[in-house]
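For chain A, the structure is supplied; the task is to place chain B on it using the hints.
Listed here are the chains, written in short residue letters.
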Amino acid sequence: MTASPPRVRLALDIATVLARWFLGIVFIYMGMQKAVDPVTFLKLVRQYEFVKNPLLLNTIASTLPWFEIFCGLMLVAGVAVRGAAINLIAMLVPFSLLVLRRALAIAATQGTPFCAIKFDCGCGGGEVVICHKLIENSGLLILACWLLTGRGRQLSARFSLLKPASDAPTPVSTPSATAEYRG
Amino acid sequence: MKKPLLEALLVALTAALFAFAANALSPHGLKLGRNYFPGDTIEAHPLPGPANHLTATVTNASGASDAVVARLREKGLQVVDSAQAESLFQDPRFQQDSIIFIDARNDEHFQEGHIPRAYQFDHYHPETYLAAILPACQRAEQIVVYCNGGDCEDSEHAAISLRDSGAAAKEKLFVYPGGIKDWEASGRPVETGSRGSGQIHKGKP
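Chains A and B supply the protein sequences, listed in that same order. So for the first sequence, numbering that gives the first Met the number 0 puts the first residue at 0; every next one is plus one. So for the second sequence, numbering that gives the first Met the number 0 puts the first residue at 0; every next one is plus one.
The shape of chain A in the complex, shown without the other chains (with noise of 0.2 Å):
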């Protein structure tokens, strides 16, 4: 296997980074409008009809918003990158199965074709058709995926938390460096 020209692998880390950096904010945003109205969301989350426990129920819907907010602001930061990524992926999952299965009781229960449900899944940006949510969902699990791959480390305070501080954030992207993130 020959290795990437040094051109393209900066504008691959550059890319990764501006990855990092939106699925961040997208996570911040999306968890401050359900943190600042955790009862609209308590009542959303409770119409999948996956917890029926009042403990439970008030746990995830007072927790999530504000899990997701710390996800992503350590995404934003550039601290445990590889870590928070993984988190946002065992959210995105469930919770993407957990709105395609609800849009599809609907179109069951109404004869609506699919890509016209439409309502609020509690995923934080009000009523939306469904179809394109899944679409957008699928967009960041995908670039969740992607920063699991160890690039961009640049701009970032601490890329790995289990590593030796020499592993922390290089400026420029080195052939050296490189090799280092495959390591």
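Source of the hints: derived by calculation from the structure; they are not laboratory data. Bear in mind that the values here come from a model prediction, so they are computed numbers and not experimental data. Backbone N, C-alpha and C define an ideal beta-carbon position, used for all residues, glycine too. Treat each hint with caution, since some may be false.
Dumping the calculated SDA-like pairs for lysine to any residue here, alpha-carbon to alpha-carbon at most 25 Å [claimed, not checked]:
(1) B:2 - A:92
(2) B:74 - A:39
(3) B:2 - A:88
(4) A:51 - B:35
(5) B:30 - A:136
(6) A:51 - B:125
(7) B:2 - A:93
(8) B:74 - B:150
(9) A:51 - B:31
(10) B:30 - A:43
(11) A:51 - B:171
(12) A:51 - A:93
(13) A:117 - A:59
(14) B:30 - A:29
(15) B:30 - A:49
(16) B:171 - B:130
(17) A:51 - B:163
(18) B:30 - A:145
(19) B:2 - A:145
(20) B:1 - A:147
(21) B:30 - A:55
(22) B:1 - A:49
(23) A:51 - B:33
(24) B:1 - A:29
(25) B:2 - A:149
(26) A:51 - B:130
(27) B:2 - A:91
(28) A:51 - B:30
(29) B:74 - B:27
With the C-beta cut set under 10 Å, the calculated list includes, among others, these residues of chain B facing chain A [said to hold, decoys possible]:
(30) 27
(31) 105
(32) 129
(33) 133
Leaving out everything else, chain B in the frame of chain A:
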């Protein structure tokens, strides 16, 4: 891959601590041990969408769907229809606070427009409202609780909460499932701002 997973666990633990602390400190935070949906029957939750909107399913005089009325009755709640709500509003006892209306929506919606002289009881924050409505509930002969109408369940939960806490006797509690949407659609007066603000206008039919 082991390190990122361990890191994810550390992030999850720290994020959970942060989340619990933020919820506890937030003025909007939820009380974890409270049941916000008393009398809940999870199977009865309506699916969202056009079929559950008031305009699409008004099938009786209460201004709400038959399913909603049946669910309320099943929970031991009495229901008033649109005409009965109007008649209670016109009753002279309403002026003496023997008949009261309770708006179960949040502050923002209440300020936007409520039934004139209605009390507010957002049951998600009972500590803010209970002290004000408790004497009124004790005095009143009939209490009508309402929210938005349609698939809104806040009036139902507020009524159950008032009943179960002993704030209002079962016999005098009524739910108006048509809610403010039905009230406004009938062109009845609506008060904006706080209770007794005097800013009254006619609902838009």
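**OP:** Tell me if residue 27 of chain B is really an interface residue toward chain A, meaning its C-beta lies closer than 10 Å to one of theirs.
**Re:** Interface hint status for residue 27 of chain B: holds (6 Å vs cutoff 10 Å).
Subject >> Hint consistency between residue 2 of chain B and residue 88 of chain A [alpha-carbon to alpha-carbon, up to 25 Å] >> reply: holds, 16 Å
Subject >> Pairwise hint evaluation, residue 91 of chain A against residue 2 of chain B, where the allowed Cα distance is 25 Å at most >> reply: Holds. Residue 2 of chain B to residue 91 of chain A sits at ~21 Å (cutoff 25 Å).
**OP:** Mind checking the alpha carbons of residue 30 of chain B and residue 49 of chain A for me, to see if they're no more than 25 Å apart?
**Re:** holds, 20 Å
Original post:
Given the hinted pair residue 1 of chain B and residue 147 of chain A, is their alpha-carbon gap at most 25 Å?
Top reply: holds, 12 Å
Original post:
Is the straight-line distance between the alpha-carbon of residue 171 of chain B and that of residue 130 of chain B 25 Å or less?
Top reply: The given pair, whose Cα atoms are some 19 Å apart, holds under the 25 Å limit.
Original post:
Are residue 51 of chain A and residue 35 of chain B close enough, with their CA atoms no more than 25 Å apart?
Top reply: holds, 12 Å
Subject >> residue 129 of chain B as an interface hint toward chain A, with CB separation required under 10 Å >> reply: violated, 16 Å
Original post:
Are residue 74 of chain B and residue 27 of chain B close enough, with their CA atoms no more than 25 Å apart?
Top reply: It is violated: about 29 Å lies between the C-alpha atoms, which goes past 25 Å.
Original post:
Keeping to a limit of 25 Å between CA atoms, is the pair of residue 51 of chain A and residue 125 of chain B held or broken?
Top reply: holds, 22 Å
Original post:
Is it true that the CA of residue 51 of chain A sits at most 25 Å from the CA of residue 30 of chain B?
Top reply: holds, 16 Å
Subject >> Hint consistency between residue 51 of chain A and residue 130 of chain B [alpha-carbon to alpha-carbon, up to 25 Å] >> reply: violated, 30 Å
When the structure is compared with the earlier hints, violations turn up for hints 5, 11, 18, 22, 24, 26, 29, 32, 33 and for no others.
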